[in-house]
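Next come the chains, spelled out residue by residue.
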Amino acid sequence: MRRVAACALALATAALAAGCSGSPAATGRPVAEPPPGPSGERSGPFVLVPGAAAERIVVRASAGERVRLPLRLANGAGAARAFALSATTPWIAVPARAEVPPRASVPVTAVLSVPAGTAPGIRSARVTARAGGRPGAAVPVRYESSVPVRVRVVARGA
Amino acid sequence: MRAAAAAAALVAVLLVPGAALGYGTGTTYASGSAGTPPGAWAAVGAAGSAADGGAAATLTETDAGGIAPTAYPSNRDFAADASGWTPVDSGAALCAVSSTHDAGDGSPPGSLRTSYAVLLNLLNLLADCSSTWTSSSFTWTGGAPAAVAFSMDRAVDLNGLVGLATASWSAHLVDETVPGSVVLVSGSSGSDLGWGTQTAAGLGPGDLVSGHTYHLRIDIAFSSLLSLVSGFGVNVDDVVLSVTPQDHRAEGELRVTGVPPGTTHTLEARARTSGEPFDLQVWNGSAWTTVATVTAAAPSWQDVSHGLSAGEWNGGEVRVRARDAAGGPDAAADVLSVDYARVVSTGGIAVSGPTSVALPPVTIDGLASQVATAPLGSVEVVDAGGVASGWELTALATAWALDGDPGEVLPADALSATPAAPTTPDGSDLTGVAAGAGGALDPTVPVVLMSASPGGGIGTYRQSPALELTVPVRARAGVYRAQITLSAS
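From first to last, the protein sequence lines are chains A and B.
Under the working numbering, think of the first position of the first sequence as 1, with each following residue one higher.
Under the working numbering, think of the first position of the second sequence as 1, with each following residue one higher.
Among the clues, some could well be false.
What follows is a set of in silico ranges between Cβ atoms, one per label pair, in the way DEER data are often shown [to be verified]:
| id | chain 1 | residue 1 | chain 2 | residue 2 | range |
| --- | --- | --- | --- | --- | --- |
| 1 | B | 409 | A | 84 | 18 to 28 Å |
| 2 | A | 120 | B | 443 | 25 to 35 Å |
| 3 | B | 406 | A | 109 | 27 to 37 Å |
| 4 | A | 150 | B | 289 | 37 to 47 Å |
| 5 | B | 316 | A | 119 | 46 to 56 Å |
What the hints contain is simulated information worked out from the structure, not anything from laboratory work.
No residue lacks a Cβ here, since even glycine has one placed at the ideal position from N, Cα and C.
With the hints as constraints, model all of the structure from the sequences given.
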């Protein structure tokens, strides 16, 4: 077995060992390694929920129809925050970003567009809000909250 | 085919069997009022809907009478002198009149005195003399007053004579801006009169115009059939014109009751004013805090949004108070209109925790794989007011990629998480809440770190799993990065 020259393998740090070959990241001066474990900074609680009293959104739509999906994004932290929004299907368009004041919630409107020619049936998707993840960290930890969406595609006029 | 530009229709959000108001969004509208006077509510029910065509609850200011009256002129009791008052005496060759400050007499001592003497009353003709006292000018700028009052003390000295001489007096409010005058009090006497108070009857707010300049004038006159008499006099004291400004105020509450617990509570209101600004305040259990000031006027509305703290949620009874924001005299009864006031509650499963984690470095010796371990840190799951349908805390992680060469990655199962026993910081019921099985974290298959079975998990729970990264013996040296994603649903 080829003996690999011993060198420090830095994980989740920016420290680089001098003298190690095959270290494409050996470009800069060494920096202080963070202590192992979690950072002191915490991501505050938040939740994305349907815009009515429900656990998920269930909608009936026909091919070619556009339907608004009311959602509400709640920020439980004591400071205003920005959240990234996405959907698991291109059928659903959501704003890319939403800002929410502290301890408050704001309406978020997603728009479902069922493609023309879609056959009847049930489709499932999720709309997700995402936050957290310390910028610049080697191992950021981010958080997600999502709302299930169930679409029953029906024949036009049904 | 329906055009893509067809109007979007509102979705019919169906209640999933078993779901309750605790999950999703709930809106609670104001349903009661309290706290007046000052001010008066009307149509409170109109604040309970945002879909009533703009019908609004109104809070109208009323006169609180809380501002003390202002007294004019500046020298009213003549305790020291007659400063501010100017006498004009109208005598004649055979009668004399003089006006001075009388330090020895008054109610209490210190008054204005007009004295009279007649030398000769020829042919039994009445000998008339008179005098006028004029005060300094003053200007009332406090708007239409709520009340105006006048009083004056007077005494008459006719040397004990009865019916042989007459003293007369009158006090006037003189408008210098729009020339004119009003008789405040008047009187006459043919004998001595001790100190007594006269008050103006029929004097009202309409007799004083804001912005006008006024002064007081007191006319004193004598007439007599006698000759060779002197020592007659009239004294006046405590001459007071009292003006009370209007003090329109309003302070009233709207109450939003039955607000369910949740992740967040947002107070939303739409309001406008007919004139002065109104502060909107929220009760936090011990004090009122101003969260907005309404300044919009018709036809515009002002939208207010405020995230309520736990104290402001107040156990489900949110108290919102409106107060007029201006101080000082206020002659206008302004109106605050509230189209609606409501609290939007959200309920769901929220997760929070550290924003990054670090693993210790390892040294590859070419003989065996190396392991780096570290705690992820405390991750908190809060199910606020849900229906105990259960939840899972799951984790994903991207592949560990080498800085500068993202194609160089560690094996897909390099990182694993071993959950610990769940804990609760606030005594939440741990029944049905358990650590997940854990396992290797990858980008697509969520690993359960903690879960609550149906019927449990309402409250706050914490999980601090241990992370373990196995670095294979053939790994290249350098800095490797990955991203961990946590979610609860």
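Cross-check of the supplied hints:
no.: 1; hint: B:409 / A:84: 18 to 28 Å; in the structure: holds, 24 Å
no.: 2; hint: A:120 / B:443: 25 to 35 Å; in the structure: holds, 33 Å
no.: 3; hint: B:406 / A:109: 27 to 37 Å; in the structure: holds, 36 Å
no.: 4; hint: A:150 / B:289: 37 to 47 Å; in the structure: holds, 42 Å
no.: 5; hint: B:316 / A:119: 46 to 56 Å; in the structure: holds, 47 Å
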